[in-house]
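J.: We have chain A already, so just place chain V on it with the hints.
Just so you know, the protein sequences line up as chains A and V, in that order. Counting in the numbering used here, the first sequence runs from 20 upward without gaps. Counting in the numbering used here, the second sequence runs from 20 upward without gaps.
Hints should not be assumed to be uniformly reliable.
All copies of an identical chain are treated as equivalent in the list; a pair is satisfied when it fits inside any one copy or across any two copies.
Said to hold, decoys possible - Listed next, the in silico DSS-like pairs over lysine-lysine satisfying Cα-Cα at most 25 Å (straight line):
| hint | residue 1 | residue 2 |
| --- | --- | --- |
| 1 | Lys68 | Lys129 |
| 2 | Lys72 | Lys297 |
| 3 | Lys129 | Lys113 |
| 4 | Lys261 | Lys229 |
| 5 | Lys309 | Lys113 |
| 6 | Lys68 | Lys241 |
| 7 | Lys103 | Lys320 |
| 8 | Lys261 | Lys234 |
| 9 | Lys309 | Lys25 |
| 10 | Lys309 | Lys320 |
| 11 | Lys68 | Lys294 |
| 12 | Lys309 | Lys129 |
| 13 | Lys113 | Lys320 |
| 14 | Lys102 | Lys320 |
| 15 | Lys25 | Lys58 |
Hints in this document: simulated from the structure, not taken from any laboratory.
Protein chains: 2
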Amino acid sequence: MSKSSKKYILGVDVGATSVKMGLVDANGRILSRALFQTKAFASKDAFVKELIKQMRALLKKSGTGKNKLAGIGVGLPGRVDFKKGIVHDLTNIKGWNEVPLKKILYKIFKTAIYLDNDANAFASGQLIWGKARVARNAVCITLGSGVGGGLIIEGEVFRGSNFSAGEIGHVCIDINGPSCGCGANGCLESFVGNRYIASRAIEKIKKGQKTLLTKLVNGDLKKITPELITRAARQRDAFSVKLWEQTGTYLGIGLSGIVNIINPDMVIVGGGLSKAGKFIFKPLNRELKKRAMRQHLKVLKVQNADFNDDAGVIGAASLLERER
Amino acid sequence: MSKSSKKYILGVDVGATSVKMGLVDANGRILSRALFQTKAFASKDAFVKELIKQMRALLKKSGTGKNKLAGIGVGLPGRVDFKKGIVHDLTNIKGWNEVPLKKILYKIFKTAIYLDNDANAFASGQLIWGKARVARNAVCITLGSGVGGGLIIEGEVFRGSNFSAGEIGHVCIDINGPSCGCGANGCLESFVGNRYIASRAIEKIKKGQKTLLTKLVNGDLKKITPELITRAARQRDAFSVKLWEQTGTYLGIGLSGIVNIINPDMVIVGGGLSKAGKFIFKPLNRELKKRAMRQHLKVLKVQNADFNDDAGVIGAASLLERER
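Chain A with its partners taken away, still in its complex shape (with noise of 0.2 Å):
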């Protein structure tokens, strides 16, 4: 089937906070979209019934027939054998264990599926219709709750021997550093992961340090966020401006051991995390031009992602672009 007949593609980005869809043109644009919470559902059936009904819905609403469905690209945030469209598990999603979700939605939808890591996906949405359009090499970071990675490698997405590469949250940036929810210690993703720059912010302030945080939670610590923290920043408060500077530094040290060994063109620093803006990016850049060799800094372009909280349901999207 071409291109032309089959006009549209849903995506659909499945994140442990909330599912996003979303009907996708062949210029990775979203023409109509859709949403649900995550955690309502107590069970993985219950979920992908759910999931289900929502994409049925959505494909209803906007006359999307099979005529014009091109396929369904799904992210999800774990374990995804790509080739087999079979799920492993996901992190911070209970009861997923090897679920066969290519199989289920294609006995519903009978269309092209493919599924894959969220920060795969991610990267793939950056190189069909992103900026990455242009690079040849290149890493692709995602900050939230945890840090995503997807590669790219002479211009595909590279998932490595069994579909798990780019796990750059998992690099140990500090051997006697903090504890990792994955295990080990000292990785990337304890100092810049969003719960633990939280927790890094919180013990400070009950160590007595003042900040405008304070007064923005109305003392109810729990509700600090990275939205807040550069809300902070952005009205001058001391301690939130050095709470992104000392994140932006581990990025950028995490960051310049990861183009020393890729050599890439391009990174691109996507996610909540990089809203944040120049408050993280100018220690980054400066960490970067210390830390990664020279020879490695010729090439180097270090770019905001495109697309913002649309990265994921246009990079799930994009998984069926390269692929048919």
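T.: Just chain V, lined up with the frame of chain A:
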């Protein structure tokens, strides 16, 4: 020209201490050898002159005329433009700055010539004639005065966006770590490079720790080498065993991060340090099991490199096998 009509390749392994060369057959076996000291030459020009003289002599000695020579492969310890055959600069060999070595050699030998970074050449040798023949994705590491790395991605040596990929030695594993020759600090090389190991040993001995090493070097601590540390460890010198234990642990920490990024099915460890055998491999494997992710470990094999001290020469020769 077919492979069978031109049977031999001249492989040249340029090191900071010595230059080794060998005539290599189509099966990766060295038929004839030559060696000279690198340090003896005051200038780059004198060095290149000697290099050419020795290459000619080896070809003549072995009776390899133009009709039998398939080409020349050269591995160099530094930044090399693999495509253009230009040496940007070398580590620990002065006076090399944008040297068009391929052109220089072609004028004399009128045959196919490939230059590459020595770690890439090493990886190429393992890929063409060694254990990595069966690997899809592999991380090859050579442990010596420096820490060199070569990546095999989807069955090919991966060189990055400007031929600088694989700088495994310059990944930060400790944000508070010692300063490294590259200008940064806490790099893997600053923990496991030969001279750093030796100086860690010397420091401890000076602080009063007892070891067989002191006797083995007659009190001249500057003479401590990895070979001697291994010799002492084999004689159950607790100090030396612990030194390798720490070194293997550092290596495992560094490699686990790289494994999490690349998701290789093989890690190949070569170079002088790998001769420490179990003293290094045991802690290395333990640390990998602790820090590399479950999914990654499922497909991973850690292997000793093939070809021992010939890995450089054979690797250099192998550059011709894949490319012609």
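J.: All the hints need checking, so say for each whether the structure fits it.
T.: Against the structure, the hints:
1. When the C-alpha separation of Lys68 and Lys129 is checked against a cutoff of 25 Å, the pair qualifies only within one copy, where the shortest distance is 16 Å, while the shortest distance between copies is 69 Å.
2. Proximity of Lys72 and Lys297 under a CA criterion of 25 Å is satisfied in neither setting, with 41 Å inside one chain copy and 57 Å between copies.
3. Taking CA atoms no more than 25 Å apart as the test, Lys129 paired with Lys113 passes in neither setting, with 27 Å inside one copy and 65 Å between copies.
4. For a Cα distance limit of 25 Å, the shortest separation of Lys261 from Lys229 inside one copy, 12 Å, qualifies, whereas the shortest one across copies, 46 Å, does not.
5. Taking identical chains as interchangeable, the C-alpha atoms of Lys309 and Lys113 lie at most 25 Å apart only when they sit on different chains, with a minimum of 23 Å there against 41 Å within one chain.
6. Taking the shortest alpha-carbon separations for Lys68 and Lys241, neither the intra-copy value of 33 Å nor the inter-copy value of 70 Å comes in at or below 25 Å.
7. Taking CA atoms no more than 25 Å apart as the test, Lys103 paired with Lys320 passes between copies only; the shortest distance there is 23 Å, against 35 Å inside one copy.
8. For the homomeric pair Lys261 and Lys234, the shortest alpha-carbon distance inside one copy (18 Å) is at most 25 Å, but the shortest distance between copies (52 Å) is not.
9. Proximity of Lys309 to Lys25 under the C-alpha cut-off of 25 Å is found in neither arrangement, the shortest distances being 49 Å within a copy and 48 Å between copies.
10. Only within a single protomer do Lys309 and Lys320 lie at most 25 Å apart by alpha-carbon distance; the minimum there is 15 Å, versus 34 Å between protomers.
11. For a Cα distance limit of 25 Å, the shortest separation of Lys68 from Lys294 qualifies neither inside one copy, at 34 Å, nor across copies, at 57 Å.
12. Taking identical chains as interchangeable, the C-alpha atoms of Lys309 and Lys129 are never at most 25 Å apart, the minima being 52 Å within one chain and 42 Å between chains.
13. In this assembly of identical chains, the alpha carbons of Lys113 and Lys320 never lie at most 25 Å apart, being 38 Å within a copy and 30 Å across copies at closest.
14. Proximity of Lys102 to Lys320 under the C-alpha cut-off of 25 Å is restricted to the inter-copy arrangement: shortest distance 22 Å between copies versus 31 Å within a copy.
15. In this assembly of identical chains, Lys25 and Lys58 lie within 25 Å of each other by CA distance neither inside one copy nor across copies; the values are 34 Å within and 67 Å between.
The structure does not agree with the numbered hints 2, 3, 6, 9, 11, 12, 13, 15 stated previously, though it agrees with the rest.
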